[in-house]
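Enquirer: Sequence:
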Amino acid sequence: MEGLAHWLPLIWVIVLGVAVALYVMLDGFDLGIGILFPASPEESYRDQMMNSVAPFWDGNETWLVLGGGGLLVAFPLAYSIIMPAVYLPVLIMLLALVFRGVAFEFRWVAKPHHQLWDLAFAGGSIVASLMQGIILGALIEGIEVSNNAYAGGTFDWLSPFSLLTGVAVLAGYALLGATWLVTKTDGAVQAKARDQAKLLLPLVLAALAVVSLWTPLAIPRIFERWFSLPNFLILAPVPLLTVYAAWSCWSGLQKGCDTRPFVSTIAVFLLGFIGLAVSNLPYIVPPSLDVWQAAAHPSSQLFMLVGVLILLPIILAYTVFVYYTFRGKVRHGEGYH
45 MEGLAHWLPL IWVIVLGVAV ALYVMLDGFD LGIGILFPAS PEESYRDQMM NSVAPFWDGN
105 ETWLVLGGGG LLVAFPLAYS IIMPAVYLPV LIMLLALVFR GVAFEFRWVA KPHHQLWDLA
165 FAGGSIVASL MQGIILGALI EGIEVSNNAY AGGTFDWLSP FSLLTGVAVL AGYALLGATW
225 LVTKTDGAVQ AKARDQAKLL LPLVLAALAV VSLWTPLAIP RIFERWFSLP NFLILAPVPL
285 LTVYAAWSCW SGLQKGCDTR PFVSTIAVFL LGFIGLAVSN LPYIVPPSLD VWQAAAHPSS
345 QLFMLVGVLI LLPIILAYTV FVYYTFRGKV RHGEGYH
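Using this note's numbering, read the sequence shown as starting at 45 and increasing by one per residue.
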């Protein structure tokens with residue numbers, strides 16, 4: 045049982061990490077489509093943009109459910125601390141996702157009076173993305189804990205740093221959306237998305253650089269993790285590969301590649317996610333509780349893990365099947381609605 049108590053929390057961290065990473069990559073680009081909506085007022089452009097994600101968007105949010113549910117069952121103490129700390133931004137995010145999801149379905153049946161649903165789709169995407177970034181920033185800064193309970197205030201999540209990470213995630217999702225459109229569309233929509241991606245990439249890199257510098261300077265434990273020896277030499281490939289992925293994205297946009305910019309943007313996000321994991325693990329409630337302190341009883345973790353290990357391959361297989369079935373470009377006038 046002692047061995048299980050040590051390894052099960054680590055396995056669950058991997059499961060949650062996979063769920064969060066897949067959510068950010070997959071739902072990130074369709075949130076990005078909504079973020080780009082205000083910059084594309086032409087109805088035909090918006091139809092093509094929405095049709096490019098119509099078969100995927102609801103399945104993409106499966107990973108958000110797995111991440112939240114997995115945190116509750118595997119690390120209930122962490123869940124009981126994190127949720128009160130970020131209750132308001134989580135509630136706002138979920139409401140925004142509801143508005144966005146309803147708009148996705150109602151926009152087509154409401155035509156030609158669909159302007160309200162365009163606003164709901166764009167607004168829901170922007171607000172949800174901003175809240176996700178703010179939640180991330182609040183978790184990085186740390187949560188005040190006393191006697192294994194949240195001890196902070198109602199608005200502790202709102203700070204200059206969390207607003208910066210909110211804007212960074214917003215810009216990052218917009219870049220994912222633009223590069224997705226480069227991959228999945230053609231004609232005027234693709235050309236416009238390529239130009240938008242060229243503008244967004246430097247903004248995303250600047251935000252990433254500021255967050256990457258601000259974090260170790262403000263939080264000593266993260267500074268020590270990255271800049272002490274031999275950690276500095278071991279972890280150096282992470283920022284170097286991020287620079288390479290960004291260059292690959294820019295080069296692909298310049299050369300007119302369709303798929304390379306999107307794949308490179310995914311790589312930038314994955315490397316950023318790895319950087320966050322390196323900075324904070326083994327803490328699951330930084331800087332107070334590690335994964336072992338917050339873990340549920342091993343029997344509970346094992347019971348739920350069996351179910352996850354059965355369902356996870358099925359969900360992954362279904363996701364691959366849907367993306368394979370609806371492969372190729374969505375051209376003007378085509379759609380799945």
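Where hints are given, some of them may not hold.
Unchecked claim - Label pairs and their calculated CB-CB ranges:
1) A280 - P156: 53 to 59 Å
2) A361 - G196: 16 to 22 Å
3) L325 - A235: 23 to 29 Å
4) L54 - L277: 23 to 29 Å
5) R375 - I354: 37 to 43 Å
6) G231 - N275: 26 to 32 Å
7) L314 - A361: 17 to 23 Å
Said to hold, decoys possible - With a Cα cut of at most 16 Å, we get these calculated EDC-like pairs of lysine to aspartate or glutamate:
8) K236 - D302
9) K242 - E185
10) K373 - D302
11) K373 - D91
12) K236 - E87
13) K155 - D200
14) K155 - D91
Just so you know, the hints here were simulated from the structure itself, not pulled from any lab data.
Here a beta-carbon is modelled for each residue, glycine too, at the ideal position from N, C-alpha and C.
Enquirer: All hints, please: hold or fail.
Expert: Evaluated hints:
The hinted window of 53 to 59 Å between A280 and P156 holds, with their beta carbons roughly 56 Å apart. Distance hint check: the CB atoms of A361 and G196 are about 42 Å apart, inconsistent with the given range 16 to 22 Å. A hinted range of 23 to 29 Å for the beta carbons of L325 and A235 is inconsistent with their spacing of about 42 Å. A hinted range of 23 to 29 Å holds for the C-beta pair L54 and L277, which are about 25 Å apart.
Between R375 and I354 the beta carbon distance is about 39 Å. The supplied range of 37 to 43 Å therefore holds. For G231 and N275, the Cβ-Cβ distance of about 48 Å falls outside the hinted range of 26 to 32 Å, so the restraint is violated. Taken as a hint, the range 17 to 23 Å holds for the pair L314 and A361, whose Cβ atoms sit roughly 21 Å apart. This hinted pair checks out: K236 and D302 have alpha carbons roughly 13 Å apart, not beyond 16 Å.
Among the hinted pairs, K242 with E185 is inconsistent with the structure: their alpha-carbon atoms are about 31 Å apart, more than 16 Å. Using a Cα cut-off of 16 Å, the hinted pair K373 and D302 holds, with the two alpha carbons roughly 10 Å apart. At most 16 Å may separate the alpha-carbon atoms for a hinted pair to count; K373 and D91 meet this at roughly 14 Å. The suggested pairing of K236 with E87 holds, with an alpha-carbon distance near 14 Å, which does not exceed 16 Å.
Taking the CA atoms of K155 and D200, the gap is near 43 Å; set against the 16 Å cutoff, the hint is violated. Using a Cα cut-off of 16 Å, the hinted pair K155 and D91 holds, with the two alpha carbons roughly 11 Å apart.
The structure shown violates the earlier hints numbered 2, 3, 6, 9 and 13.
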